[in-house]
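Trainee: Let the hints inform the model, and build the full structure from the sequences given.
Residue numbers (our numbering), protein chains in the order written: chain G, 3 to 556; chain D, 14 to 741.
Be careful, since some hints might not be right.
Short, incomplete list of chain G residues facing chain D, as computed with Cβ under 7 Å [claimed, not checked]:
hint, residue
1, Ile36
2, Ser40
3, Pro273
4, Gly341
5, Leu437
6, Phe454
7, Phe484
Calculated from the model, a selection of chain D residues having no Cβ within reach of chain G, i.e. all distances over 10 Å [to be verified]:
hint, residue
8, Ile21
9, Asp211
10, Asn418
Ranges between beta-carbon positions, derived for each pair [stated by the list, open to error]:
hint, chain 1, residue 1, chain 2, residue 2, range
11, D, Gly708, G, Gly32, 40 to 48 Å
12, D, Gly676, G, Glu186, 42 to 50 Å
13, G, Tyr7, D, Asn675, 48 to 56 Å
14, D, Tyr647, G, Pro488, 49 to 57 Å
15, G, Ile24, D, Val706, 35 to 43 Å
16, G, Pro488, D, Asn639, 30 to 38 Å
17, D, Asn105, G, Pro488, 54 to 62 Å
Note that these hints are calculated values from the structure, not bench results.
Yeah, the Cβ is synthetic: ideal placement off N, Cα and C, and Gly gets one too.
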Amino acid sequence: MPQFYGFPILSWITFLPILGMIILAFIPSGKDEISKESTKKYYRWLTVGITFIQLILALIIFFNFNYSLGGINDPNSFQFVEKFTWIHANFPLVGSLNIEYFLGVDGISAPMILLTAIVCFVASFTSFGIQKSVKGYFAMYLLLNTGMMGCFVALDFFLFYVFWELMLLPMYFLIGIWGGPRKEYAAIKFFIYTFVGSVFMLLVMIGLYFSYQIPDPSNPGSFMHTFNLIAMLDPANLVPGSIFAELGSNIRFIAFVVLFIGFAIKVPMVPLHTWLPDAHVEAPTAISVILAGVLLKMGTYGMIRIALPIFPEAFASSQWWIAFLGMFAIVYGALCALGQFRVGKRDLKKMIAYSSVSHMGYVVLGLSSMTPQGITGAIFQMFNHGTITAMLFMIVGVIYDRSHTRGLDDFGGLANKMPIYTGITTVAFFAALGLPGLSGFVSEAMVFLGAFSTYPVLTAISTLGLILGASYMLWALQKLFFGKLPEKWQGPWDPTHTKYKTDDVSGIELAGLIPLAVIVVFLGIFPTTVTDLMVNSVNHFVDFMKPFVYIGGI
Amino acid sequence: MSAENILIISIVILLLPLVSFIINIFWGKKLGKLSSYIASTILGIDLILAILIFVNKVFGEYQVSSFIKNGINIITNNEIIQAKINWLNIGNFNLNLGIGIDNLASIMLIVVTLISFLVHIFSMIYMHDDKRFSRFYAYLGIFTFSMLGIVLANNLLNMYIFWELVGLSSYLLIGFWYEKDSAANAGKKAFLVNRVGDTGFFIGILMLFSVFGTLMFDDLFATIGSAETITAIANGSIHLPFGLDYQTYLTIAGILIFCGAIGKSAQFPLHVWLPDAMEGPTPVSALIHAATMVAAGVYMTAKIFPMLTADALNFIAIIGTITAFIAATIAVTQTDFKKVLAYSTVSQLGYMVMGLGIGAFSAGFFHLVTHAWFKAALFLGSGSVIHAMHVAMHNAHDHHTDPQNIFNMGGLRKNMKITYITFLIATIAISGVPLTSGFLSKDSILAGSLAFADLTGGLAWLVPIVGFGVAGLTAFYMFRLTILAFHGKPKTSIAKETKENSFKIVMPLVVLAILSIWIFYSPNPIDANSGWFMDKVKVPTSAVPIEYQRPSMIYEVALNHTLGEQAHSATEFEESMHHFHLPAMILSLLIAGAGITLAFLIYQFKIFNADNIEKQFKPLHTFSLNKWYFDELYDKTAIAFTMFVAKIMSYFDDKVIDGIVNGFAYVTRGVSKITGIFDNVVVDGAVNLVANVTGGLGAITRKLQTGKVQAYVALAFVGIIALIFIFI
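Mentor: Structure below.
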């Protein structure tokens with residue numbers, strides 16, 4: 003199925019938010035206070051509407067997905083493909099520039115598209131609390147959305163790079179304008195970090211462009227350079243004598259490391275992670291949700307789609323180290339999260355940011371195992387971490403909006419004041435600590451099962467994450483909800499009952515939380531709903547990587 | 014009943030409590046007190062179905078067959094009826110779920126559903142005034158569901174899933190009164206301590222799966238000792254993790270999985286959570302922390318019994334023995350009613366584990382069942398007392414007396430006759446006095462311990478020594494408890510005012526006390542072997558290669574020539590156990606009798622002064638009263654160390670890693686400042702210099718440009734003159 007009944011569904015799902023942004027730009031902000039308030043509503047519901055249509059499109063992709071097609075390195079088994087020449091220009095000195103508009107989906111990107119659509123939809127409800135220049139916020143929000151979606155559907159490296167950069171800009175403003183007290187610092191830190199990654203990526207990308215060639219369709223018999231990511235997986239397309247032509251050469255290894263670092267910053271892998279806690283702490287709730295829910299996954303997605311399969315032999319020679327870094331992130335992130343209880347301000351949001359570092363470590367560990375179950379677990383963990391951590395950040399947002407503090411020491415005994423909130427938080431926290439019956443367990447278990455056969459010692463050490471994860475999660479749960487309610491929160495959150503009608507979590511917040519909670523429970527019991535999407539692609543991927551990498555065990 | 018129907022019914026049994034949970038968690042507030050009736054009815058149905066399964070599986074006939082229907086693989090043989098279904102399938106990687114009903118499971122079904130049902134009834138009164146009444150029933154529902162899941166598991170994955178869910182429900186129920194910090198702390202402690210054990214369990218699962226690719230008990234057992242596996246390992250086509258040899262690998266895998274049991278069954282060194290768990294409502298203590306959940310570890314060990322090597326079994330026996338001993342010595346000095354029972358539970362669990370470890374499989378499991386009844390009776394009895402004390406305190410407007418301290422009780426015998434009698438029966442049972450179930454099971458374990466010591470020799474004699482010693486201690490502290498609480502004169506006015514509770518509290522006590530009588534297990538009150546239990550629960554055949562098995566437990570397969578078929582003779586261990594039956598019985602009677610007598614002499618007749626004894630053994634008494642300082646030890650070592658490392662890491666992250674990042678930024682800023690200055694002074698300076706020079710020259714030359722024609726003409730004239738001079 004090259005396309006969906008002739009309908010360019012991937013272009014729609016990608017560029018729909020930009021369309022929404024344009025519509026949004028034409029809605030006047032209103033002159034007086036009352037009309038300003040009412041237009042705020044338009045902006046909000048327009049965004050909800052756009053992301054909802056996007057979600058529907060993602061579901062159409064999901065339900066029409068052909069499970070038997072593998073993708074990865076086979077251009078014919080990608081689905082919903084849209085491919086035509088975007089830029090084809092000849093320059094006198096550097097030669098021709100060929101960039102394709104090439105979109106397609108396989109089992110690796112399909113879950114990510116679904117995740118992006120879900121998270122963007124629910125986070126648009128979370129954005130309702132934004133009061134400062136609402137129009138600009140939602141415009142940036144929608145632009146960000148396009149950038150993220152584009153990254154997951156692009157199959158041309160240049161196009162991928164464009165989307166990658168496209169998402170950087172709105173993110174910078176979203177943190178820098180709508181963020182907390184140290185927003186400038188966090189925004190610049192985020193920007194510079196990611197930009198360094200982009201520069202690394204750009205360097206390798208240009209090198210790759212000149213190292214690969216495919217037959218020129220417009221000029222039979224001749225060849226042209228290409229950014230086509232699928233063509234880059236076939237060593238037969240290498241230009242003899244070009245910079246990356248020789249498999250196993252040092253320059254390829256360096257290129258792999260550089261490219262890998264570019265993606266690792268995004269994941270983020272220890273020790274390149276310190277932008278994350280700052281960005282999370284300062285970002286507004288919805289942006290934290292997107293950041294943790296989708297953005298981090300682009301790093302690991304980039305590894306699977308680009309870095310690993312293009313440089314398989316270079317990956318193989320650093321495989322143990324990458325597994326080690328995964329293990330290290332799991333334990334280190336968990337310890338830092340736990341350390342929040344004894345050091346400094348005991349910021350709940352910072353704790354959850356570190357838990358993200360830990361949980362993304364599972365993804366890296368799973369990937370480096372190169373077993374089908376490890377990689378499926380890794381991708382599934384990306385999905386589950388997306389939904390669970392999105393919930394966690396929403397939960398922080400709920401309490402922060404009401405109390406204007408995130409310090410764990412400021413709370414206690416909220417269970418009786420906010421019973422529904424307590425229930426949902428319990429589900430989210432237990433999902434995060436890997437309780438069976440909830441989705442996080444399945445992916446973590448698969449990662450462990452896969453990784454153990456390749457790297458038993460590293461995996462055994464990683465299981466420390468299970469204990470540490472439970473420790474900080476339960477600690478936080480107790481600090482928030484159990485014990486006695488502090489004097490200052492005895493009264494209602496909002497005595498005037500204008501913003502919050504009851505003390506418990508509000509309807510619009512539940513609109514974000516409930517769908518995620520349902521997904522988390524559902525996938526805990528029926529994980530195949532999502533894992534079936536990837537089975538073929540992952541097997542394909544492992545077969546492709548097999549000649550190069552180390553796979554232990556059975 | 015057909016195997017299929019048994020499977021369907023067992024799934025219904027499993028799911029009904031979940032239904033109860035869902036009803037009560039979502040609609041509990043609206044239902045109010047009705048929620049308890051709904052939940053209890055559901056559990057009642059569950060119990061009836063469980064009895065149905067029990068009768069049909071253990072005593073009934075069913076067709077042995079195996080077939081696949083709707084993707085469900087149904088396998089039946091004489092031991093087990095089971096179903097397997099694929100859950101996750103990725104390439105060569107299959108994760109199956111399934112349920113299986115063997116005799117162990119059928120018996121456990123009864124234990125869990127009956128005690129759960131009785132606790133449901135009991136709680137109607139006990140929890141009557143609680144503001145989260147329906148929530149309590151919801152939690153009981155999810156607990157029962159999870160526990161039944163463990164019971165019905167026919168593979169390690171199911172086991173682990175429900176294992177953790179049981180941990181969750183235990184967490185919720187211990188911390189049920191979360192307004193109290195102590196309750197919230199206890200819940201957290203229980204979950205975390207269990208997590209430590211469960212992580213070992215999980216690594217064990219990983220070890221097995223990475224080698225055998227399956228977690229189904231029957232498939233595992235069939236593969237472990239098979240000739241193909243051994244050849245494959247010998248020629249290197251199967252890699253064992255960590256570079257272990259096969260025997261060590263099997264031993265370590267077994268021990269790691271047993272780590273789960275160490276956590277859940279509160280074995281040394283992870284026993285510390287159980288006494289704290291008494292912060293939960295007393296019916297919960299009866300259900301979870303006495304009869305069912307804590308027994309799950311023992312049950313699991315029984316399930317994996319065939320894959321345990323001799324070394325693993327020895328390890329298990331040692332852990333059980335240490336646990337039994339430590340807990341019994343602590344129980345002797347505790348003053349809190351429930352704490353005494355808690356340590357007694359730990360001690361009895363140690364017995365069961367010890368029983369399994371020494372190879373007395375049936376005896377160990379038998380003790381699990383008998384203990385479930387009498388310990389539930391004891392806990393519910395304590396609940397009855399505490400409730401009566403509460404009511405009396407409420408009537409007297411007293412908020413200070415500790416209703417759980419046994420030194421505030423006394424003389425309850427007269428006020429609470431039924432509670433007293435049932436409590437006494439259960440106490441007699443746990444002390445191992447004949448005519449009770451406890452006598453039968455404990456005696457079998459002790460006989461086993463003697464047989465084990467006799468066959469092994471050397472230090473193994475410590476096992477029976479501790480076993481008998483603990484039996485004496487148990488009799489002593491249980492009667493100490495009974496005498497202090499029920500006998501003598503009331504020590505407080507509150508105790509004097511207590512009244513017997515109503516039917517819903519008393520009825521469960523009576524049922525459980527009745528079940529503590531020998532007749533339900535064996536017609537012969539002094540020999541368990543003549544009963545159905547020992548007949549139906551037989552030690553399973555070991556699955557590990559024969560050279561890794563404990564020699565005394567190997568069946569010698571003798572070919573019976575006259576019949577032409579193979580006949581199993583008893584193992585050396587079984588024969589020895591049989592041989593030691595009578596000595597063990599006499600010895601245990603003497604020791605239990607001594608313990609009981611001592612308790613009466615000290616606490617009833619006051620012939621010895623308890624305070625004097627306490628003073629004489631001051632250091633020992635303090636050591637015991639402070640629970641051997643385990644909590645303090647862990648606080649100062651494991652927890653302090655973890656928090657120290659976490660703190661260091663957090664600091665490191667903030668100062669070093671982020672410091673480097675900010676340092677980079679700082680250096681970059683510094684460099685740009687310098688280049689800025691360079692740019693300003695040098696580059697711009699050079700540019701300006703050029704400009705200045707040009708400007709200066711301009712200024713000089715400008716002076717020549719006067720705009721006066723005469724001057725130009727004069728200059729031109731001078732120039733021409735000069736040119737003429739130069740060129741000519």
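Trainee: Honestly, which of those hints from before does the structure not fit?
Mentor: Result: hints 1, 2, 9, 11, 12, 14, 15 break, sorted rising.
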